[in-house]
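*Asks:* Kindly generate the complete structure, drawing on both the sequences and the hints.
Protein sequences appear in the order of chains A and B. When you number the first sequence by this note's numbering, it's gap-free, plus one each residue, and the end is 756. When you number the second sequence by this note's numbering, it's gap-free, plus one each residue, and the end is 136.
Hints were generated in silico from the structure; no laboratory data involved. Among the clues, some could well be false.
[Stated by the list, open to error] With a cut-off of at most 27 Å between alpha-carbon atoms, the simulated BS3-like pairs for lysine-lysine come out as follows:
(1) A/K658 <-> A/K688
(2) A/K688 <-> A/K701
(3) B/K94 <-> A/K688
(4) B/K97 <-> A/K701
(5) A/K688 <-> B/K27
(6) B/K40 <-> B/K135
(7) A/K658 <-> A/K701
(8) B/K27 <-> B/K135
(9) A/K688 <-> A/K653
(10) A/K653 <-> A/K701
(11) B/K27 <-> B/K94
(12) B/K97 <-> A/K688
(13) A/K701 <-> B/K27
[Claimed, not checked] Here are some chain B residues the structure puts well away from chain A; computed CB gaps all over 10 Å:
(14) K40
(15) R87
(16) V102
(17) F115
All figures in this text were calculated on a predicted structure; none of them were measured in a lab. Where is the CB? At the ideal position from N, CA and C, for every residue including glycine.
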Amino acid sequence: NAGVTQTPKFRILKIGQSMTLQCAQDMNHNYMYWYRQDPGMGLKLIYYSVGAGITDKGEVPNGYNVSRSTTEDFPLRLELAAPSQTSVYFCASSWTLNTEAFFGQGTRLTVV
Amino acid sequence: AQKITQTQPGMFVQEKEAVTLDCTYDTSDPSYGLFWYKQPSSGEMIFLIYQGSYDQQNATEGRYSLNFQKARKSANLVISASQLGDSAMYFCAINAGNMLTFGGGTRLMVKP
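*Replies:* The following block contains the structure:
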């Protein structure tokens, strides 16, 4: 059972570079989420999606973009990386609003 | 928009004793779900317990129970018979309006 798979696990970016964090789930979940977690802090919602073709902004969307062309995939795009985007990024998915969210193992991103 | 507040940044508990982690929430949505997650030092997010806004009884899962007081907008987590392996960050979350929002977390440390 793969669940939610995030790639890569670690990445170092230079200021101004761009990259895409991949997230895939094999549970046919409708809801998918992207979070960032700064050291010692809670999870901040970046973007979420309630189904293929539908995305919406969360609490901290600036500097990020997402797409949801299929039910399975929900990539997060960072354009023009900044040191403030150094964080651990988590992708999650759930079947409904009232069922548990399953999390990927996270991507540790450092921008230097 | 909804909000989750966890007012205890850190707590100590003696092994085998019970501990309560506080969580208050705010939402204008009449239908919502409340969740607790555990994050050990290894970083993964582990689902513990769920409470729906229309559930009449408090949720229980093994040593975990959720003390749901709807009028007070609180959803405290009670861990009975604490174990050393319970030492971790604990996050309360609310899912309302398609968004899953997390609190800032409480670090629990279990003393032998």
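*Asks:* Would you assess whether B/F115, listed as outside the interface, keeps its beta-carbon beyond 10 Å of every beta-carbon in chain A?
*Replies:* violated, 6 Å
*Asks:* For the pair supplied as a hint, B/K97 and A/K701, confirm whether the alpha-carbon distance does not exceed 27 Å.
*Replies:* Judged against 27 Å, a Cα distance of about 25 Å means the pair holds.
*Asks:* Determine whether the non-interface label on B/V102 survives the test: each CB of chain A must be over 10 Å from its CB.
*Replies:* holds, 19 Å
*Asks:* Is the hinted pair B/K97 and A/K688 satisfied, with a Cα-Cα distance of at most 27 Å?
*Replies:* holds, 21 Å
*Asks:* Given the hint that A/K688 pairs with A/K653, does the C-alpha gap stay at or below 27 Å?
*Replies:* holds, 19 Å
*Asks:* Checking one constraint from the list: CA of A/K653 to CA of A/K701, max 27 Å. Satisfied?
*Replies:* This hinted pair holds, its Cα atoms lying about 24 Å apart.
*Asks:* Does B/K94 lie within 27 Å of B/K27 when you go C-alpha to C-alpha?
*Replies:* holds, 15 Å
*Asks:* Check the hint pairing A/K688 with A/K701 against an upper bound of 27 Å on the C-alpha distance.
*Replies:* holds, 11 Å
*Asks:* Taken at face value, is the distance from the CA of A/K701 to the CA of A/K658 at most 27 Å?
*Replies:* holds, 25 Å
*Asks:* Given the hinted pair A/K688 and B/K27, is their Cα-Cα distance within 27 Å?
*Replies:* holds, 11 Å
*Asks:* Are A/K701 and B/K27 close enough, with their CA atoms no more than 27 Å apart?
*Replies:* Satisfied, since the Cα-Cα distance of roughly 16 Å is no more than 27 Å.
*Asks:* Holds or violated: B/K27 and B/K135, Cα atoms, limit 27 Å.
*Replies:* Outside the cut-off at roughly 31 Å; violated.
In this structure, the hints that do not hold are numbers 8, 17, in rising order.
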